[in-house]
Amino acid sequence: MSDKNLLIGIDVGGTNTDSVLLDPSKFASETRGVIAYHKSSTTADVSGGISDALDNLSVEKNGYSPNNVLAVTIGTTHFINAVIEQDRARLAPVAVIRLCGPYSKGSGPFSDFPAGLTKIIKGYTAFVNGGHRVDGNEIQPLDEASILEHATKIKSLGIKSVAIVGIFSIINKTHEQRAAELVRSVMPDGDIVMSHTVSRIGLIPRENASILNASVMSFAGKIIRSFIRSVRSKGFKCPIMLTQNDGTVLTVSEALQTPIRTFSSGATNSMRGAAFLCAQEGDIHGKTIVVVDIGGTTTDVGLLLPSGYPRQSMSYSEVGGVRVNFSMPQVESIGLGGGSIVRETKGEITVGPDSVGADIKQRALVFGGDTVTSTDVTVAITEEKSMFDLGDKTEVQNLFSDSYKTKFQQVVKTKLERVIDTIRTSPEPIPVLLVGGGSFISPTTLDGASSVHRPPYYQVANAIGAALGKLSASLQKIEVLDSIADKDTVIEKMKKEVTADIVAKGAVEDSVEIVELSYDPVPYVDRTYTFEIKVVGDIDFEKVSDTLEELESANKTSFIDSTEAEQEDTFHKNSSYADKDVSHADQAKIDYQAYKPFVNESREWIISETDLEFIRIGTYILGCGGGGTPYPIFLEMRNMLRDGAKVRVINLHDAPKYAKGEGKFITVGFAGSPTVADEQLQGDELSDAANALFDYLKSKPDGVFPLEIGGGNGFKGMYCGASTKLDIPVIDADLMGRAYPTHAQILPCALKDDLYLKTTSVSDGNGNDFLITGAQSNLYVEKMMRAALAEIGAHVGVVNVPMSSNDLVDYTVHHSLSTAWRIGRAVRIARQKFEIEKLPERIIESVGGPVTGRKIFAGKIVGIEKKLFKGHVYGEVIIENEEKDKMVIPFKNENIVAKVQKNGSKTWETVCSVPDLISVCDADNGEAVGTPEYRYGIMVFVLAFSPSDLWISTQKALDVGGPKFFGPAFDDVEYSPVGKYVPPVSVIDEFGN
1 MSDKNLLIGI DVGGTNTDSV LLDPSKFASE TRGVIAYHKS STTADVSGGI SDALDNLSVE
61 KNGYSPNNVL AVTIGTTHFI NAVIEQDRAR LAPVAVIRLC GPYSKGSGPF SDFPAGLTKI
121 IKGYTAFVNG GHRVDGNEIQ PLDEASILEH ATKIKSLGIK SVAIVGIFSI INKTHEQRAA
181 ELVRSVMPDG DIVMSHTVSR IGLIPRENAS ILNASVMSFA GKIIRSFIRS VRSKGFKCPI
241 MLTQNDGTVL TVSEALQTPI RTFSSGATNS MRGAAFLCAQ EGDIHGKTIV VVDIGGTTTD
301 VGLLLPSGYP RQSMSYSEVG GVRVNFSMPQ VESIGLGGGS IVRETKGEIT VGPDSVGADI
361 KQRALVFGGD TVTSTDVTVA ITEEKSMFDL GDKTEVQNLF SDSYKTKFQQ VVKTKLERVI
421 DTIRTSPEPI PVLLVGGGSF ISPTTLDGAS SVHRPPYYQV ANAIGAALGK LSASLQKIEV
481 LDSIADKDTV IEKMKKEVTA DIVAKGAVED SVEIVELSYD PVPYVDRTYT FEIKVVGDID
541 FEKVSDTLEE LESANKTSFI DSTEAEQEDT FHKNSSYADK DVSHADQAKI DYQAYKPFVN
601 ESREWIISET DLEFIRIGTY ILGCGGGGTP YPIFLEMRNM LRDGAKVRVI NLHDAPKYAK
661 GEGKFITVGF AGSPTVADEQ LQGDELSDAA NALFDYLKSK PDGVFPLEIG GGNGFKGMYC
721 GASTKLDIPV IDADLMGRAY PTHAQILPCA LKDDLYLKTT SVSDGNGNDF LITGAQSNLY
781 VEKMMRAALA EIGAHVGVVN VPMSSNDLVD YTVHHSLSTA WRIGRAVRIA RQKFEIEKLP
841 ERIIESVGGP VTGRKIFAGK IVGIEKKLFK GHVYGEVIIE NEEKDKMVIP FKNENIVAKV
901 QKNGSKTWET VCSVPDLISV CDADNGEAVG TPEYRYGIMV FVLAFSPSDL WISTQKALDV
961 GGPKFFGPAF DDVEYSPVGK YVPPVSVIDE FGN
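Numbering-wise (our numbering), the sequence shown opens with residue 1 and increments by one.
Derived from the structure by calculation, the hints contain no laboratory data. Where hints are given, some of them may not hold.
Pairs of lysine-lysine residues, derived as DSBU-like cross-links and limited to a Cα-Cα distance of at most 35 Å, are as follows [unchecked claim]:
#, residue 1, residue 2
1, Lys543, Lys487
2, Lys173, Lys122
3, Lys725, Lys698
The model shown is predicted, which means the values in this text are computed figures rather than measured ones.
Based on the sequences and whatever the hints tell you, model everything.
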């Protein structure tokens, strides 16, 4: 054989190394082009393991030589394992330079890292003037002198890894690029990561991903070089590629710069291999398919799209306890595999989640061991010879009763059916593909599966998927459009740009195709949209080979002839944590059921970190889909408490004793886009706005509380009241009891006849402050703020005219912080007690029980529509249950109405509407799902509960807070209360002396 037309795929896992040799000319045959394949245990010597794999493929009977191979593509879990295991030997300390101007300093780098990783990785942090706004304009000019100064300090500390993170660098990367040039001038040999090359919009998760990438770069370089040495030493001169998270491949150059892209490539390799192996199955080819990859310890389940690529997670993922938002496949994992330990207790059978793992050949019964595993029971059940010829069947013959076997099969079947139901996007039955070495334990019929397939060579689907990878490129932009029709022009321009990018990497231009294309409106920023596009293309192997040679030349080193230090390529397989000097817990485990908040003798509730966690969960559920995620401000508040800040919350009935006379109590909050809030983390907007108002009124406030309790604004009262800010008490109240899309939808505007918002202070925290001292109506104040938003970054702090003590009683929702706290506490207790199925019931109990609300629906999100109008995101989400009933929830930032259509019916019944609270929650954990996070396939439940009686006390109040406020589309909706409001008990009254 002389032609260069073969492919090799290798998947290096923590337990096994799988490899395969493919002939593309025979893909359509029964053999699927597989010439040879091999499974072996992964060795601590990485290069040795790959060499063994290549030797086992390259046997004389296969009739080929290294010269016949087009490419060797390798998948590995080494880099993600370094993070998960918190291995100091493989993780480097990182310096972070954040280009942020006056913003984000309260939520610094590493704010949400686990303590163990922080101890290992946190090396140095710096905040520097620079960064951009959502429209691409500078927040402040880049402070180049400061960057050079910090780079010099970083070098003196011996730190070699640097992450450079600029606000909205995804939109304008010039500051990050210039900062990298400056750092490189001081540290020419440093590993420098620019965040715009790693991830998408969302400052904290993008920064986190950049930090992890920078930390693992040095180790990744050694491993990648060892891969190259192993392949080259066997005579292969072809290109070497690495698989990445989305099912495509990276060139060596890309992998050296962004090894984080390989973090979840194992699962995607299996799914891509499954897509190829089922290509000849007419009933499933080109369809959406569930892929079930069963290994020795775990089962990974993902959704393979008709494109042949796995569905990606649309929001955040966690790696080693760190929140990130780079491209990751949406995979659900359970503790079930061929090595799962099987136990019988009081007649009940359990399977896993613990496993004998890599020790199966020493511990399983069929291999002469003493531990019952799922492999043993499956072999005992199987009448014919096991497909794997595993061990000695006589060891388990007649060992298990028929009842035992039946119960075992039912447990395995139920576990698989539940996880499959979680991942599929429609109640309609869907094809299921079984792959992986442990997949023989699965039954061949599963509820929810239209068919179950186990394709040939399923046991090395991961290696096959690695061999077949294509190149990819993606692009994200935010654009202001004169009209929605202009979107096509933007998309065409982006297509040309991303195509040029992938061709430069080594793709064949004629093969480039779009696999993902989306555009979404940016809330509160009129005519502004985010665009994302992703393309894939076949590899021009000669061009990629040239790229590798150029890379070696640029580095002035050969990847084969490395120094002794570079040749250290071992990894600590199954090593103990004992020698790593790390902690996997940020704090001691808390019994949430027994936890009591601290209320001092002065009846002040002193907020703790646990209280913050409860309030974080509760405020987002009270946000009714809007209000923005409270996560960034939660992190900042937690940092403040750790630095000694004190937050004192008081009962509003105790407010007069803190005031002189009637008192002055201000309300605070933010106006603007949640998209901007997630990237341009707050600075001094609220304190600047407050000071401007104080100067105007010639007085100081006696207390503070949030404009709305729902979403991120629910934290703003505590933030301002902290001893490191205004150091004034925080009132346990707000003006909505939820979140609404406009500032005019507050109780004083709904109940008072005069112009409540006549004095409003606004600041962007960057020197742009203004006061509104008069308007025709409260709605005109709202319009003036929205008009200004577009010009100063779409995110501002707002402080309203102070309230008196009497107004606190008459025009606020009482004890709303207590309500948020109780909701979050209920969720945490249910999760800690593994009562996930009771989450809806527990949340409703926390707000007053069945009399005040109920679960109105549960199912899966199957449809989403969004559009932008005057800065607000309008749309609807469709949820479908197993009976094929549907619920549709229209929203304007927040959820407005819930309607149900029974299966077979053509009519929709309104079951709930504002001012009742309608909250969509994740069925797996009880956390709120905000309207920006609505996406296909999420399993959710929908709660509805009663608002404060003030919202229905007058017709004017109902007009402001009810469905008709949201426009003519809701004129036919008559409000009917879902229940009766139960006034919440103050935390202070319950737990105080």
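Right, here's what the structure says about each hint:
A hinted pair counts as satisfied when its Cα atoms are at most 35 Å apart, and Lys543 with Lys487 qualifies at roughly 34 Å. About 24 Å separates the Cα atoms of Lys173 and Lys122, which keeps this hinted pair within 35 Å; it holds. A threshold of 35 Å between alpha carbons decides the hint, and for Lys725 with Lys698 the separation of about 19 Å falls inside it, so the pair holds.
In this structure, none of the earlier numbered hints is contradicted; all agree with it.
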